[in-house]
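Take the sequences, apply the hints, and build the full model.
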Amino acid sequence: MTSSNLHMYVMASPLVAALIVNLLGRFSRRSIPWLVIGSLVVALGGALAVLAAVIDHGPLRYTVGNWTPPYGIELVVDHLSGMMLVLITLVALIASFSSLKSVEQELPGEEHFFFTLYLILIAGLCGLVMTGDAFNLYVLLEITSITSYGLIAMGRGRAPLSSFNYIIMGSIGACFYLLGVGYMYILTGTLNMADIARILPNLNAPVATATALGFLMVGLWIKMAFFPLHGWLPNAYSHAPTGAGTMAAPLMTKVTVYLMVRIILSMYTPEHIYASAAVKSGIVWAAAVAIICGSILAFGQKDLRRMLTYIIVAEVGYMVGGIFLGNANGLTGAILHIINDALMTLCLFLVVAAIIYRQGTVALVSLQGLFYRMPLTMAAFTIGAFAMIGVPPTCGFFSKWYLILGGVEAGHWEFVIALVVSSLINAVLFFRIIELAYFGALVDGEHHEHAASERHEASFWLLKPLMVTAVLLIVVGLGTGVLIDNLISLVIPAGF
Amino acid sequence: MEQIVQEIVAKYNYWVYVILMMIGFYAMIGKRNLVKKLLGMNIFQTAIILFFVSTGVKKGGRIPIVDKYSGLAGTIDPNTIDNPLPHVLMLTAIVVGVSVTGVALAVLQRIYREYGTLEENEILEKVRR
Amino acid sequence: MKQLQEKAKQRQLGDSLIIKTAVRLMVPFIQLFGLYVIVHGHYSPGGGFQGGVILGASFILLALAFDMKTSFKHMSEKVNAILGNLGAAIFIGVGLICALVGGLFLDYSALNIIIPLGPVEWRSFGIFLVEVGVGLAVMSIMVLLYWNISSSGKMDEGL
Amino acid sequence: MKTLALLATLCTGALLLYGTKDFPAWGDPQSPANSYLSPKYIEHAVQETHVPNLVTAVLGDYRGYDTMFETVVIYCAGMAVVSVLRRNRSQ
Amino acid sequence: MIWQIDLMILTLVVICALATITIKDLLGAAVVFGVYSFLMCLLWAEMGAVDVAFTEATVGAGISTILYIGAILRTTRRSKD
Amino acid sequence: MTPSISIWPLLAILISLCGAIPILLSNRQPNLRESWTILIALLKLMIVASLLPGVLYGEGYIFTIAEVLPGVPIELRVDALGILFALVASFLWLFTSIYSIGYMRALNEHAQTRYFASFAVAISSTLGIAFAGNLLTMYLFYEMLSLSTYPLVTHEQNAEARASGRKYLTYILGTSIGLALPAMLITYATAGTLDFTAGGILTGKASPELLALLLVLFLFGFAKAGLIPFHGWLPAAMVAPTPVSSFLHGVAVVKAGVFSIFRVVFHILGPETLQSANLNVVITTVASITLLVASLIALTQDSMKRRLAYSTVGQLSYMVLGAGMISAVGRLGGVMHLAMHAFGKITLFFCAGAIYVASKKKYISQMDGLGRRMPITFLAFFLGSLSIIGMPPLGGFISKWNLVIGTVDGGQYVLLIVLLVSSLLNAAYFLPIVYRAFFADAPAGEETGWKEAPLFCLVPLCLTALGSMLLFFFHDTLLNLAQMAVGIAP
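Residue numbers (numbering that gives the first Met the number 0), protein chains in the order written: chain Y, 0 to 495; chain D, 0 to 128; chain S, 0 to 158; chain F, 0 to 90; chain A, 0 to 80; chain Z, 0 to 489.
There may be inaccurate statements among the hints.
[To be verified] Derived lysine-lysine pairs resembling DSSO-like cross-links, with alpha carbons at most 30 Å apart:
id: 1; chain 1: D; residue 1: Lys-58; chain 2: F; residue 2: Lys-39
id: 2; chain 1: F; residue 1: Lys-20; chain 2: F; residue 2: Lys-39
id: 3; chain 1: Z; residue 1: Lys-166; chain 2: Y; residue 2: Lys-301
id: 4; chain 1: Y; residue 1: Lys-301; chain 2: D; residue 2: Lys-125
id: 5; chain 1: S; residue 1: Lys-153; chain 2: A; residue 2: Lys-23
id: 6; chain 1: Y; residue 1: Lys-463; chain 2: Y; residue 2: Lys-301
Everything labelled a hint here was simulated from the structure, so no lab data went into it.
In C-alpha cells:
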C-alpha cells in the first residue's frame with residue numbers, strides 16, 4: 000500500500016526538508032545545499048514514478064485520510080497533473096542550483112529562511128497540481144502566495160513595495176477565488192471538483208453558476224497576471240532576489256494556468272465554459288490584446304529581467320487565449336505551452352541569474368560584448384531566445400503551432416495575428432540583445448578588440464543547469480509528438 | 000415590490016456581506032494609504048467569512064457540538080445542528096488572513112524604512128525621482 | 000513614533016505597577032486556559048489554533064507589560080524556533096507516519112498498527128496529536144510575529 | 000482613480016448580488032449546502048472519530064489535509080516576517 | 000437567533016467597517032477594526048459558529064489588532080485618506 | 000516509385016553539423032581546422048552523390064527523424080528536385096571551402112573559426128532544406144539557415160555589418176514568421192497534411208481566394224528568394240566576406256528561397272491547381288517586375304558586389320518565373336536555371352573576391368585595365384557572365400532556352416518579351432566590366448604586371464567557370480533530374 004502514497008512523498012519531501020533546513024541551517028550552512036537538492040531529487044524521482052504509474056494504470060484518485068471522496072479531500076493525479084508534477088520538480092531542481100549560488104551572494108546569513116520558504120513554495124505548487132478539492136486549492140494557492148510574498152520582499156530597494164502590491168493584488172485574487180468557491184458551495188453543497196462537475200448539469204441556477212465561474216476565473220487571472228490584471232508581476236519578479244525569480248517566474252503563472260485548465264475541465268464541463276460564444280470570443284480578444292500589449296510593453300524596458308517579465312505577461316495571453324479558443328488544437332497548444340513556457344522562462348532567468356552573479360546587473364547597456372565574456376551563457380540565452388521567438392526545432396515553435404492552428408480553426412484571426420506579431424516583436428527584442436552582446440561597444444563605428452574583456456563565465460553551479468535547460472528546450476521540442484500522444488491528448492475531453 | 004422586499008428579507012445577510020465586501024474592496028483598490036489597503040483586505044476577508052458562515056446556518060439549528068452518546072447512538076437529527084463544514088473552512092480562511100496580514104505588516108515596515116511614508120502617491124513620487 | 004515612545008517613558012505609561020502585577024498574576028492562568036482550549040478542543044469550542052493563539056497572547060502580554068527581554072526569559076528565540084518547527088513537524092510527521100506504516104496520508108487509523116488502540120480511538124487521538132502540533136506552531140509563530148513587527152525586526156525593545 | 004475604484008467596486012457588488020438570485024433562502028435546512036454533505040458529518044462524525052465537537056472532527060480528520068496546510072501557512076508567515084525584517088537588524 | 004439583535008449587530012458592523020476605512024488616524028482605525036472584529040465575532044457566535052467566533056475573537060480582535068498597533072507605532076499614524 | 004528508408008540523407012546533413020564541433024575544437028590550429036573543413040566537404044559530396052543513382056533510377060529515400068506533431072513528422076525525403084539542389088550546393092561548397100581558405104588567409108581575417116563553423120552549420124541547413132520531406136521540416140531548416148548565416152553576414156563586426164545584419168534578419172525572419180508560418184498553418188488546417196506530394200495537396204480543398212492568399216503569403220514569405228519588395232536584404236548582406244556572398248548569396252541562401260518556392264508551387268499548391276484558378280499570373284507578374292527592376296538597378300551600381308547582388312535578385316526571378324509558367328518545359332527551365340545560375344554566379348563572386356584580394360578594388364570604375372594584370376580571373380569572369388546572360392557555349396543557355404521555349408509553349412508571349420529584354424539588360428550590365436578590364440587604359444600611376452590572387456582563390460574560380468561551360472555539353476543528368484522534378488517523362 001505504501002507505493003500508493005508516492006505522490007504524497009513528492010509533496011512531503013520538500014515540505015519536510017523545509018523544516019529541517021530551517022532548524023539545521025541556522026547552525027550549519029553547509030548542509031543547506033545537500034538538503035535542498037536532495038529533497039528535490041527525491042521529489043523529481045517520485046514525480047517521474049508517479050507519471051509512469053499514471054501512464055500505465057490510468058489516473059490516480061486518492062483521498063487523504065481514507066474518507067470517501069466528497070467527505071474527505073480528494074487528490075487526483077491524472078496525466079495532466081502527473082506531467083505538471085514532473086515539470087514543477089524538474090524546474091525547481093534545476094533552478095535551485097542557481098538559487099543556491101545567488102542567494103549565497105545576495106542574502107548572506109539568510110539562506111535558511113530563504114530556502115525554507117523556497118521549499119514550501121515548491122511543496123505548495125506540487126500540492127496545487129494534485130488537489131481535486133476546490134477549497135484545498137485555495138489554501139494551497141495562499142501557501143504559494145505567502146511564500147512568494149516573503150521571497151520577493153527579501154530583495155533590495157523597491158522589492159518590499161513590489162511585494163506589497165503583490166500582496167494586495169494576490170489577496171484580491173484569492174478572495175475572488177474564494178467567493179467563487181463559496182457560490183459553488185452554496186449551490187451544490189460540495190467542494191469536491193468531480194462532485195461539482197457531477198451535480199452542475201442538473202442544477203437549475205444559471206445566473207449563480209455563471210457568477211461563480213466569473214469570480215473563479217477573475218481570481219485566477221489576477222494570480223496569473225492576465226493583462227490588464229498584470230500590474231503586480233513585472234515589479235515583483237524583477238525586484239525579487241535573483242534566486243526567487245529564477246524559480247517563481249517559470250512556475251507560478253504556469254501553475255495558475257494549469258489550475259484554470261483544471262477548473263474548466265474537471266469542475267465545469269466544457270459545454271458550460273464555452274456556452275456563450277460572446278464571452279468566449281471576448282476572452283480570446285482580451286488574450287490577443289494581452290499578447291500584443293505585453294510584447295509592446297516589453298519593448299520599452301531597459302533591463303533584461305524586466306523585459307522578460309513583460310514577456311511572461313504576453314505568454315499568459317497565449318495560454319488563456321488558447322484555452323478559450325474552445326477547440327482541441329487550442330487546448331493542446333495551451334497545455335503544451337505551459338511546459339514549454341516554463342522551460343523557456345527558466346532558461347532565460349537562469350541566464351539572468353548567471354549574468355547578475357558575475358556583473359551584478361542586467362541592464363541592457365551592460366550586456367555589451369557579453370558573448371566574449373560569457374560565451375556559454377550567451378549561447379544558452381540564444382537558444383532560449385529562439386524558443387521564445389518560436390524558431391523550430393526549439394519547443395516554443397510547436398506550442399505556437401498548435402495555438403495558431405487552433406486560432407485558424409476557430410476563425411479567431413485576431414488571435415492568430417497577435418501570435419504572429421508577438422513572435423515578430425520577440426524576435427526584435429531578443430535580437431536586439433543578441434546583437435548588443437555579439438558586437439559589444441561600438442565606439443566611433445569601429446569595433447574594439449575584446450582581448451581586454453576576458454572570458455569570465457559564471458561558476459559550475461550556475462552554468463551546468465543552464466546548459467541542461469538549453470538542451471531540454473530542443474529535446475522537448477523534438478519530443479512534442481511523444482508528449483502529445485502519451486499525455487496531452489489523453490487530457491482533452493472527448494467530443495472536443 | 001412585495002417580492003423584492005421578500006427577497007431582501009430572505010437574504011439580508013447576503014446584502015450585508017456584499018456591502019462589507021464592497022467596503023473592503025474599495026479600500027483595497029481606492030485608498031492610497033497602504034495600511035488602509037490592508038485593513039480593507041481584512042474587511043474583505045471577514046465579509047467572505049460572513050458569507051460562508053451564513054451558508055451553514057439552519058433555522059433553529061444549534062451549535063455543531065453534539066452530545067457524545069446520542070452521537071454514538073446515531074440519534075441526531077441533522078436538521079437541528081448547524082452545518083460544520085463552512086465553519087471549518089472559515090477557520091482556515093481566518094488563519095490565512097492573519098498570516099497575510101502579518102507578512103504585509105512586516106513588508107510595510109520595510110517600505111516605511113525605505114521611503115519614510117505609507118502614502119502610495121508619495122512613495123511613487125519618490126520612486127520616480 | 001520616537002516622540003511617542005519618549006512620552007510614554009516620561010509618563011511611565013508602561014511601567015505601571017498595577018499592570019505589571021496583574022499581568023504577572025494573569026499569565027499563568029492564561030497559559031493554563033490556552034492549554035485547556037487545546038486539550039479540550041474535542042468537547043468544546045476551541046482547538047489547537049485558538050489555544051495556540053491564547054498561549055501566544057500570554058507571551059505577548061508579557062512583552063507588552065514589561066519589555067521584550069522579559070518575554071525572552073520565558074521563551075528564548077531559539078526555543079521559539081524549535082517549537083515552531085516542532086509544531087509543523089508534528090502535523091506533517093503524523094501524516095507521513097500514517098503513510099509510511101501502510102495507510103493513506105493523514106489516515107490516523109492506520110497508526111493502529113503501532114499501538115493497537117482501535118482505529119476509531121486512534122482517529123480521536125490523532126486529531127489530538129495534530130491539534131497539539133497546530134497549537135505549538137501557532138503559539139510560537141504568533142509570538143514571533145509580535146516580536147518582529149513591534150520591534151521592526153530588531154528584537155531589542157517592544158512598544 | 001477613486002471614481003474608477005468606486006465603479007469597479009459597485010460592479011463587483013452588483014454582480015455578487017445578482018448571483019444570489021438563484022440562492023436558496025437564508026437558513027434553509029434543505030438547501031444543498033446543508034443537505035448534501037453536512038448530515039453525514041453530523042450523523043457519523045462522532046461514531047467515526049469519537050469527537051463530539053464536529054468542527055474539530057472535520058478540521059482535524061476529514062479535512063485534515065487543509066489544516067496541515069493551514070499550519071504550514073502560518074509557519075510560512077512567521078518565516079517570511081522574520082526574513083523580511085531581518086535585514087533591519089544588521090543595519 | 001433573535002433577528003433584532005442580528006440586525007443591530009449587522010448595522011453596527013457596517014458602521015464600524017465604514018469608520019475603519021474613513022478614520023484618518025491609523026491607530027484609531029486599527030482600534031475600530033478591533034471593534035469590528037469583535038462585533039463580527041458576536042455575529043458568528045450568534046449564528047452558531049462558535050469555533051469561528053472564538054478564533055475571530057482571539058485572532059481578529061486580539062492578535063491582528065496588536066500587530067496593527069505595533070506596526071503603526073513603528074511607522075506612522077498619519078494617513079491622508 | 001517506392002521510397003526506401005535510408006539514413007544517408009540524415010548523415011549528409013549531420014556530417015557538417017557535427018563537423019562544426021571539431022572545427023570549433025581545433026580553434027588554435029588553422030591547418031587542422033581547414034583540413035576538417037575540406038574533409039567534411041568531400042565526405043558530404045560523396046554521400047550526396049551516392050544518393051544520386053537511386054533517384055535517377057526512380058527510387059527515393061526517406062527517413063523520419065522524429066514524430067513531432069501527429070501526422071507531421073520531421074522527415075527527410077530525397078527526390079529529384081531535392082537531390083538536384085543538394086548536389087549543386089554540396090559540390091559548390093567544396094570549392095567555396097577551398098576558396099575561403101585562400102581568401103580568409105590572404106586578408107588575415109579575424110574569428111576564422113567561428114566563420115568556418117557557421118559555414119558548416121549553414122551548409123547542413125541547406126541540405127536539410129533540399130532533403131526536407133514536408134513543409135514543416137523545410138521551414139525548420141529554413142530558419143536554421145537564416146540564423147546560422149547571421150554570424151557570417153555580420154562577420155566584419157563593424158557598424159555597417161551590424162546594420163546589414165539587422166536588415167538581413169528583419170527581412171528574413173520577419174517574412175518567414177509573419178507570412179510563411181501562418182501560410183503553412185493555414186495549409187495544414189485546410190489540407191490536414193504538409194507532405195510534399197506531386198501535384199499539390201490542396202487540390203479541391205481550397206477556394207481560389209484561399210489559394211491566392213496562400214500563394215502570396217508563400218511567395219513573399221520565403222524572402223530569401225529576393226522578390227521585390229523583399230529584396231532589400233540581399234544587397235545589404237554584401238558586406239560579408241566574399242566567399243560568404245558567393246556561396247550563400249549566390250548559391251545556398253537565395254537558392255534555398257527559390258527552392259522553397261518551387262517546393263510550394265510544385266508540391267503543396269500544385270501547378271495545375273494554380274493554373275485552374277488562373278493564379279500563375281501572380282507569380283509571373285511579381286517575377287517579371289522583379290526581373291526588370293532589379294536588372295535596371297544593377298545597371299546603376301558601381302560597387303562590384305552590389306551589381307552582382309542586384310543581378311542575383313534578377314536571376315532568381317527567372318527561376319520563379321519558370322515556376323509560374325503554364326508549360327512544363329518552362330518550369331523545367333526554371334529548375335535548371337537554379338543549377339546553371341549557381342555555377343555562373345559563384346564564378347562571378349569568386350572573381351570579385353579575387354580582385355579584392357589581389358588589388359583591394361571594390362568598384363567597377365576602378366577596374367580599368369585590370370584585366371591585363373589578372374587575365375585568368377577576368378577570363379573566368381567573362382565566362383561566368385556569358386553563362387548568366389545565356390550565351391550558347393555555356394550552361395546558362397540551356398536553362399534560358401528552355402524558359403523561352405516554355406513561354407512559347409504556354410502562349411505567354413508577354414513573358415517572352417520580358418525574358419529577351421532582361422537578357423539584353425544582363426548583357427548591358429556585365430559586358431562593360433569585361434570591356435573596361437581588358438580594353439580601357441589603366442589609370443596613370445598604377446603598377447602594371449601580372450598579379451593574380453593566391454592559388455587557393457584562383458583554382459576554384461577557374462574550376463567553377465569550367466564547370467559552367469561543361470554543363471552546356473554534359474547536362475544529361477541535370478536534365479533528367481529536372482525533368483523528373485517537373486514531371487516530364489525523360
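Run the structure past the numbered hints and jot down the numbers of the failing ones, going up.
none
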